[in-house]
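S.K.: Chains L and F are the protein sequences, given in the same order. Residue 390 in this note's numbering sits at position 390 of the first sequence; the count goes up by one each step and never skips. Residue 197 in this note's numbering sits at position 197 of the second sequence; the count goes up by one each step and never skips.
One or more hints might be untrue.
As the list claims (entries may be wrong) - Straight-line C-alpha distance at most 30 Å; calculated DSSO-like pairs for lysine-lysine: (1) L:K19 <-> L:K464; (2) L:K464 <-> F:K36; (3) F:K19 <-> F:K464; (4) F:K464 <-> L:K36.
These aren't lab readings, by the way, just hints derived from the structure by calculation.
Number of protein chains: 2
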Amino acid sequence: MLEASRVFSDYVRSSRDTKAPVIPRIDELDLTIPEKDGIGTAGIWDDIQTICGAATNTWSERFLYKLYASPTPIGVVGEALIGLLNNNAHVFQASPIGALIEDRVGRQLAELARFPVGTAAGLTFPGGSYSNMHALMVARNRRFPELKRSGFTGAMARGEWRRPMIFTSAHAHYSIEKAAVAAGIGLDNVVSVPTDADGRMDSHALRMLVEKALADGGAPFFVNATAGTTVLGAFDPIDEIAAVCADHGLWLHVDASWGGPLALFSSDDRFGGYRVDRADSFTVNPHKLMGVPLQCSFLLMRDGLAPMREALGLGASYLFHGGSPNVLDDVGDATMGCGRRPDAIKLWLAWRYYGTEYFRRRLANARRLALDFADMVSTRPPTALGHWRLAAAPQSTCVCFWFVPSQLGAHPTPQPSWGDATRLLCTRLNYLGHVLVDYATVDLPAGSLPTFFRLPLNSPHVTKETLASVLCAIEQTAKALLDEDPRCFDADKS
Amino acid sequence: MLEASRVFSDYVRSSRDTKAPVIPRIDELDLTIPEKDGIGTAGIWDDIQTICGAATNTWSERFLYKLYASPTPIGVVGEALIGLLNNNAHVFQASPIGALIEDRVGRQLAELARFPVGTAAGLTFPGGSYSNMHALMVARNRRFPELKRSGFTGAMARGEWRRPMIFTSAHAHYSIEKAAVAAGIGLDNVVSVPTDADGRMDSHALRMLVEKALADGGAPFFVNATAGTTVLGAFDPIDEIAAVCADHGLWLHVDASWGGPLALFSSDDRFGGYRVDRADSFTVNPHKLMGVPLQCSFLLMRDGLAPMREALGLGASYLFHGGSPNVLDDVGDATMGCGRRPDAIKLWLAWRYYGTEYFRRRLANARRLALDFADMVSTRPPTALGHWRLAAAPQSTCVCFWFVPSQLGAHPTPQPSWGDATRLLCTRLNYLGHVLVDYATVDLPAGSLPTFFRLPLNSPHVTKETLASVLCAIEQTAKALLDEDPRCFDADKS
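Extracted from the complex, chain L is given alone in its bound form:
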């Protein structure tokens, strides 16, 4: 344990070094598994150091690749604690403390979401996709209760049946589609609702699509609104969407895996005014904007855990002995899983450690940095190498932009060749490994945007200097690529 603390502390120190690579080169690694005797204490610390040295460095402020970032130290301690205790949050007696903490944190999150106090509750799932999938399953089985027993074929054999239909924005996370595949609903019954120019779901289009589906004999039952889309970070207009759902009796789920903490903690009206409480269920991933290590995802239910139990519970007697007045008994039966890591412990610990105010500050800082960075990109002076263009005004804490090499001219509107340049630059940049960034694209009413750089702002270690250095690194990479091949960015090249 002492050795672990030394190795781990060294790792944190070296990872935060400004020269440390974000993606280390992995050369020859000996990953063989000993047939007979293990390497024991003598060799294992070398192994651990090898893994540390070969791991993607999420502690660096130059890890700007995905929606999660540097874990907080207390988060790591929480993770180690969960491993140490090896408690299981499926039945109360297997971990009373895990159940109590999960209940407490779930209720606190529900309160921040302005869900009804005392009724609303939440459970953790192994990631936002699973939280979203559970919400869909609960909504499906509540609307079509015969499915649990009869399945689709049994239910349909008994008479007229309408197609269960799901609505989600064109910019929403693909987990909704995966959940539809899992649920036997199929991709054809996931209606993609177009967005406005900012990437927010067009609620008029939603209403029309729902009404059309009804007119065509479909059975709309589930709308997924996103708070913080994966690429642009947009917040779908929840009040308008909730009105459509209320008019047609649809389950409203909010996938706030990314933007949820902004909605819960932010004092900025843009996010804090977001009326999550109009939803039936709500996913938030503290492993993203709150710095808890992967995974920590909560699914909050406005009406508590009862609908989950009803939809999915089987009450397997060998495990769930029931008969207890304790509502925290047997929560595992409300999920599609069985054994459960008590992930809430790490969020509780971090929340106790930092307090609510810290998260408000952290989120305000991320938002401010996004605005500053957007400003930095749009005002950065062009050079002989090229110029900079914002792809969209930052909706929350993602910044999307192009570097347009001079070879591609100075078009007022985005060109497909900008996308090729982005992919080329990004691939080389990430190969070099000093910064790790990502690219994406989206469809907007005016058409599909060429591939752009997408930087999520999250880690409190990121500063304006970090971001300026990323822009420099992109310019330097452009120069290096041009030095190798002066025609590398030419539009006719790709």
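Given the structure of chain L, go ahead and fit chain F onto it with the hints provided.
M.R.: What follows is chain F alone, placed relative to chain L:
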């Protein structure tokens, strides 16, 4: 970090104390979350000690409650390492080392399972239920490929459709039924196959039930065989089941969440001769018999990851950029989730540390203890308090038995009142908290057994002395209950 190592080491020492409770009393706990400022470093170690003190003590050899047990120290280090690195195993670049290790461990497990080398591969899922569910989804979409796009309603609208049917033993884990609910197949289409007197699936009954389903116009497609049932620890006869599957073109999945390591590592022919390689997919949970902290579950696929990608992949372009020749790219797309903890790292680390031979010894020890314990129960002399009866010969490492209080007489066959006594004794025993054991029941061809004690043997800390002390504790509890109420066990009482 230093403080963490001190607190954690103290915890391990005190948890292994022979007097330490397994379920501590939880009195007043302050779980409040600070509105404004956090408690910081000053208070957090008290919090951590509070949690440690209130947690269920899985390190104790007297934790004999569920199928997991004491985590190995290297497992805890592995868990902490995963938290520290905060790497994500969804796309290769987010964690090359995580992907390489997962691939390596998956192939090593597949090799032990005698799956075709070079083809078979595995991925981790957040628990055995999710592994089983993924296997079912893959099998469903492979057999009915139109479901991915059209869903059941679309597919059925296009013409004649037969009910997809699943077969699993009456003693199998309930996750198969949950998966059927999730998949839109429904509980009515899960055919429960009876077992023989030892709790092993009756393969003749399976064949008859499959043929009956076909004759009735159903579409059998998936058989779940269990290697290590949850209660009796039975191994379904895989060769006979595989023959039925081959004859009718059914997907054979083996849920070896519990017994898998015996099948993979044991030199005992009873388990080591188990031909896992006859299956299409195979779930094994190293977090059970291998002492890796929760969760660590592998789903192995005989034909590699391609069927997973085909069945579930959407290739969301914002995340999965594709175009790489690397087969380890974008493994997340092969799952129903998105972000993934690289759980394989902790198994790899433990395997490197201990070597294969350690696991063979550990498993042989667990099996030997089960046989010894069964012997101990059946030969333990009766006292004035009552006598002992085995509920079943131990199929692998679970021992199931009754303590029959004298008040209930000396019937040659199990009586319902024995079950009441078991529940009463177990509840009191667990309330006292010095040992934690569980009870269960099963249906056998001769009828349903009254509730019995079920002890899974797993932890290497358990000795014959531990087990003798459990039997003593049950007798003492019986005495204490009788002292309080001499009629507590009377058959007419319940």
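S.K.: Name the hints, by number, that the structure is in violation of.
M.R.: none
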